[in-house]
Amino acid sequence: MAAQASAEDAKLDGWVPSLDHATFVDWNRVYEPSEDTFLLLDALFADRAALRASRAIVEIGPGSGVVATYLAKLTRNSVLAVDINEAACALTMRTAEANGARVDVMRGDLCGALRSYSVDALVFNPPYVPTDDEEVGGAGIEASWAGGRNGRRVLDRLLPHVARVLAPAGRFYVVCVAENDPASIVSYLRARGLTGETVLRRRARNEALSVLRFVRAAPS
Amino acid sequence: MRLLTHNMLVSNAKGVSEAEGYPLALEVTEHRREETEFDVETTRKTMETVKYDALRGAARAVAIDLPEVYDGDDADLLRKVHEALCDVHVIEGCLVCPKSGRRFPINNGIPNLLLHEDEL
Chain E
1 MAAQASAEDA
11 KLDGWVPSLD
21 HATFVDWNRV
31 YEPSEDTFLL
41 LDALFADRAA
51 LRASRAIVEI
61 GPGSGVVATY
71 LAKLTRNSVL
81 AVDINEAACA
91 LTMRTAEANG
101 ARVDVMRGDL
111 CGALRSYSVD
121 ALVFNPPYVP
131 TDDEEVGGAG
141 IEASWAGGRN
151 GRRVLDRLLP
161 HVARVLAPAG
171 RFYVVCVAEN
181 DPASIVSYLR
191 ARGLTGETVL
201 RRRARNEALS
211 VLRFVRAAPS
Chain D
1 MRLLTHNMLV
11 SNAKGVSEAE
21 GYPLALEVTE
31 HRREETEFDV
41 ETTRKTMETV
51 KYDALRGAAR
61 AVAIDLPEVY
71 DGDDADLLRK
81 VHEALCDVHV
91 IEGCLVCPKS
101 GRRFPINNGI
111 PNLLLHEDEL
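Sequence lines, in order, name chains E and D.
If you count the first sequence from 1, position 60 lands on 60 in the UniProt record's numbering, and the numbers rise without skipping.
If you count the second sequence from 1, position 68 lands on 68 in the UniProt record's numbering, and the numbers rise without skipping.
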């Protein structure tokens, strides 16, 4: 049994869900997985034991759906993927189906339509690139990466919801770059009862990427 | 959309509080079932975050009758709960805000909870 489990894990280590069904038409409208996506997959793989104990798993901004699909395969559970972009919702559904993963898709704005204490694991790879604020949240492909001032415009809209939607044993994973000032994300959420740390970092071209993980602080 | 997802959703219509906007009423015009593996422990654990009354109401819309009171020691009930939560997919239908009546369509299995700009 243990040998079987580790053989399964070996397959998931470094695996990326197939995107053979996607075409250039999709990549004109949806973010194509890149180094940041792969870093997040690696961080989730490393935390597979805790994630497998999570029941309600939500990804915000799935884009192509690779992370949501990976999470569903990794945890053998269903995952809810929430995206504001209609093309991303449709592609996420196709990616899940092509890879035989159980993913529910909802069109919505961040966590606004999720009830309190409902999420065991929340995952977000936000548009983190520092840009002019005008580029944030547009209808074009730039909305998938344009993060506005300090690359924080979209993340800062989500952060107030994180402590609200996480279940008591909930956890939150977020991708960021150095320009996002990860220390200030940690201190913002610490003030709301969540303890954060960097679980993985990697330099990719001009980006100093990291994945932060937050859990509720034990009551003192 | 699975009913597990429905259980997590709340109306975000303007001026509607979470207590007023939960649960969303579920109207189903098309759904399908896809059997998944049932495990008593997993289902019991899942129920720790699920609101049973909301699940019971939603299950009624897909002709699954759940008893008024949840009993985590009842294996037959847990099997039914698992079917309702995981095996039912709503393909076409609507979610309705219990306070404002705002209707959120479900098309091709994807509920759309986005508000229009003039509703924000």
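Hints in this document: simulated from the structure, not taken from any laboratory.
Hints should not be assumed to be uniformly reliable.
A partial selection of chain E residues facing chain D, derived with a Cβ cut-off under 7 Å [to be verified]:
no.	residue
1	L19
2	D104
3	R107
These numbers were taken from a predicted model, which means no experiment stands behind them.
Even for Gly, the Cβ is constructed at its ideal location relative to N, Cα and C.
Evaluation of the provided hints:
1. L19: Violated: closest Cβ of chain D sits about 19 Å from E:L19, beyond 7 Å.
2. D104: holds (4 Å)
3. R107: At 4 Å from the nearest chain D Cβ, E:R107 passes the 7 Å test, so the hint holds.
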